[in-house]
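Asks: Sequence:
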Amino acid sequence: MDVNERIKAVLAEHPIVLFMKGTPEFPMCGFSARAAQALTEAGAMFHAVNVLADPEIRAALPHYANWPTFPQLFIQGELIGGCDIVEDLKASGELARMACDVAGEHHA
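Going by full-length UniProt numbering, the sequence shown opens with residue 1, and the numbers climb by one from there.
Bear in mind the hints are in silico, worked out from the structure with no lab data behind them. A hint or two may mislead.
The calculated label-pair distances, taken between Cβ atoms and stated as ranges, are [what the hints assert, rightly or not]:
id, residue 1, residue 2, range
1, A103, H63, 27 to 35 Å
2, M1, A91, 35 to 43 Å
3, T69, S92, 15 to 23 Å
4, P55, S92, 33 to 41 Å
Yeah, the Cβ is synthetic: ideal placement off N, Cα and C, and Gly gets one too.
From just these sequences and the hints, can you work out the full model?
Replies: Okay, structure coming up:
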């Protein structure tokens, strides 16, 4: 399976994916830490991929997503953006709404 197929498989398997440096428990960069924290605070159940542990994905994802930096958040297979966008969405309440929509929960 080539690296783009592996990326597609991860995105197909998990509704919310954060490609980050490190893990949510042990982030290896401030931007990744902030994005993971924003997702956690928004109540999002997400799958994290440590790009430092997978150099092939780290090299291919910027081309695949047309986004040069990490972290990268995908929801339902679609690129949402990086740290600043994730934090902006959390601040507006949009991130929590998106996470609930993915989980199949609906707000009244």
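Asks: Give a verdict on every hint.
Replies: Each hint, compared with the structure:
1. A103 x H63: 27 to 35 Å: Hint holds: Cβ distance 30 Å, inside 27 to 35 Å.
2. M1 x A91: 35 to 43 Å: 38 Å, holds
3. T69 x S92: 15 to 23 Å: With Cβ atoms ~22 Å apart, the hint holds.
4. P55 x S92: 33 to 41 Å: 35 Å, holds
Going down the numbered hints, you'll see the structure goes against none, and every one checks out.
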